[in-house]
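Undergrad: Kindly produce the complete structure, drawing on both the sequences and the hints.
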Amino acid sequence: MIRAALNRLIGMLTVMLLVVTIVFVIVRVTPGDPAAVMLGPEATAQDIEDLRARLGLDGSLIEQFGSYVAGIAQGDLGQSIFLGQSVGTALWQRAEPTFFLTVFSLLIAMVIALPVGIASAYWRGSLFDQTMTTLAMLAASVPSFWLGLLLIQSFAVSFGWFPASGYGGPGTTLLERLHHLVLPAVTLGVVSSALIMRFTRASMLDVLNDDYVRTARSKGMTEWRVVLKHALKNALIPILTVIGLTAALLISGAIVTETVFGLPGVGNLIVSAVLRRDYPVIQGALLIVAGLYVLVNFLIDMLYLLVDPRVRY
Amino acid sequence: MRPSTFAFLLGAAVLGLMPAASAQEKGGVIDVATIGEPPTLDAMVSSTDIVGMISQHIFETLFTFDSDWNVAPLLAKSLPTISDDARTYTITLRDGVKFHDGSVMAASDVVASLKRWMVVGGRGKQVAENVASVEAVDGNAIQITLKEPYSPLLSLLAFNNSAAIIIPEKTIPQDGGVTPLATFVGTGPYKLQEHKPDQYIQLVRFDDYSMRDEEPSGFAGARHAYLDEIRFVPVPDINTRTEGAIAGQFAFADTLPVESYERLEAGKSEPVLLEHFGWPIFVMNTKEGLLSDMRVRQALQAALNTGDMLAAAFGDTKFYAVDGPMYPANYAWRTDVGVELYNQGNAEKAKELLAAAGYDGKPLRILTSRQYEFHYKMALVAQAYLEQAGFKVDMQVVDWATLVQRNKKPDLWEIFITHSPFLPEPALNFILSKSAGGWWDSPEKEKAMAAFTSTSDLEERKAHWEEIQKLIFEQAPIVKVGDFASLSAKSPALEGFRPSPWPAFWNVSLNDKQ
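Sequences listed follow chains A and B, in order. Its first residue numbered 1, the first sequence is counted upward by one per residue in full-length UniProt numbering. Its first residue numbered 1, the second sequence is counted upward by one per residue in full-length UniProt numbering.
Hints listed in this document are in silico derivations from the structure and should not be mistaken for laboratory results. Mixed in with the good hints there might be a few duds.
[Stated by the list, open to error] Simulated DEER-style distance windows between Cβ atoms: (1) A:R177 x B:E474: 57 to 63 angstroms; (2) A:L127 x B:E262: 40 to 46 angstroms; (3) A:R8 x B:E262: 56 to 62 angstroms; (4) A:L292 x B:E262: 40 to 46 angstroms.
[Unchecked claim] Computed list of chain B residues with no C-beta within reach of chain A, every gap over 10 angstroms: (5) W69; (6) K170; (7) E265; (8) Y342; (9) E373; (10) L380; (11) S435; (12) E460; (13) P501.
Just so you know, even glycine gets a beta-carbon here, dropped at the ideal spot from N, CA and C.
TA: So this is what it looks like as structure tokens:
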């Protein structure tokens, strides 16, 4: 297990080095310029050059890359061009809404998807199965921005139960902030549940006809025990994989939902940074998101070892 | 007690308990939904409207504009004394004006601020070319000495973006303005309490605000800070901003789609329509390539039907006006000179002009973005008219950050699309600069501009402006598409609010409808 973990760690470091380099290059070769964004369309070329010099953007690419990598080595992701704060601080400030949004939407997705997926597999071909499979396809096809706006119109505008956007002003309590997260969490939860439900159903179908399940039944076990203890345990690996990947996807993939609901989370930060070409923030945020992806994959791999002793790396 | 006496006393008591209808009281917190996070709060650096809108509550300038767009004093005690040769402006400052850090504004702060403005501000640099010196003449006055008479000076000192804000000398980095401001300390009626980027900018009332005692007029006069707090909340998604306004989540929501007007009327906010808010502009590259030939520009101008372009962009005539002059009717600069060349939609004339210019079918690159959907819609209609007239059009739709970078490079475009509010002083407009926009530089225009900026007499200036407008139509450095209105929404509880291109929330209070 330790050897497997070490192997994986070396792979992770290589991936992160590639991410640092590729993101830096892509960001710099993309058209657009933070100084031009700051000054607007009416500025002169000289104004832009002056501001680029003031922002330290006039050095060569090699110099900028060198200082960026040196900063990372010291744990410094750089200073945002627009926010007046370090990239680390900016990410930290946005971690809370993204974290809670990820947790809540994943919980909603699992609460919907696991029982429905198991039941659909168990009653395969029934009206319930067909209805749920169709609904899952629908949920997977719905764009999250559309569902978000629909929920805003219904529950914020018509009923007035939830705020349409934002994460609360100064001095709001955690409970008030979480109130702002209900609609975005439902949006993401519903959309994510489709994938988890389909994987759960497929994985359960694979195991429900296996010999050990028949053996368990012949031993006189109750059906729920057969399904939940014997079948589900063996169906868990692909389900865990998809839940893990969904979690990683939610951290970064909440971009659209966070933008629609005006949530000051990591996704929103990335979108704003890309739109205004805040290079250090784009680089820092993508580095962290890639790091989380790699970490989640690593944890899933390690979980495999625990769940299924036959797995070897 | 007789019934009539009782009724009289009861009536008097009720009247006594009722607040006067017009009285505005202190208190309340408002959320203002903005189009996004401002790129900076340093109002000297940026000329974007969102920076001006927010920062004008924190910072003040020496002068400002009244409701008729005349320059009026703000931190200056009065309008300046101008020497006979119009080269020396002596500006006396108001006494005892306090900054948010408690220090009192002195002439040295003003001089240091103006010097920084002339280094870091686009408009400041425009002034700097003509400034010989800025000096404190005693503890409470400054003197600006110009190389040549320059009448737009006061307007440039009064404008609220790329603004000549006055800040304490000690907050200015001592490196010639290279380092960005670390703290945002002004003299305005509100001070910055907390800024959580992408979440809110919290301003609170500045209790020691030194208010002018004249009646409020436009941005001039008294600025009462009735509200306890103003929170500017970035809501970049226009649909979310609209739904929030309809749901009554914001006291004010800035820049909403015109399609939402009727839904706003039925919702919990009131639509606020600022007619003749601004003008969409097709800026032509006069420096390099196809449109450096004036005949091709004139052909392009002849080809366009701007009425159709406006209709496609804004739909209802409530939201736009097919209007050629560079200024709407309520401005002193309004003139009809040259407007016969506006909105021609004449493909035949365009073809003749193109033939005379020897047009060889080289693509006309229109640089636009969907950041502002109306830019894109107008570009599509323009493309149809231009192709009808024989132009080959290459539409280049890019994101805003790319557009504002590429439009500085004359080899990359023929037309770029932007828009502007109507600026109180024509000389502030970038289209007249030979180093910005489409780099319009012709001997006739330079001569007219020199005459326009060297006299302070309004009637003389109006006459020179007529000449400039005539040249704008004749030489076609731009196409003014028309006028458009800006739609926002406000809570019915918001009292005293005055629609403006740069909405301000002093002299605004909350009534009991909240």
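Undergrad: Check each numbered hint against the structure and report the violated ones by number, ascending.
TA: 11
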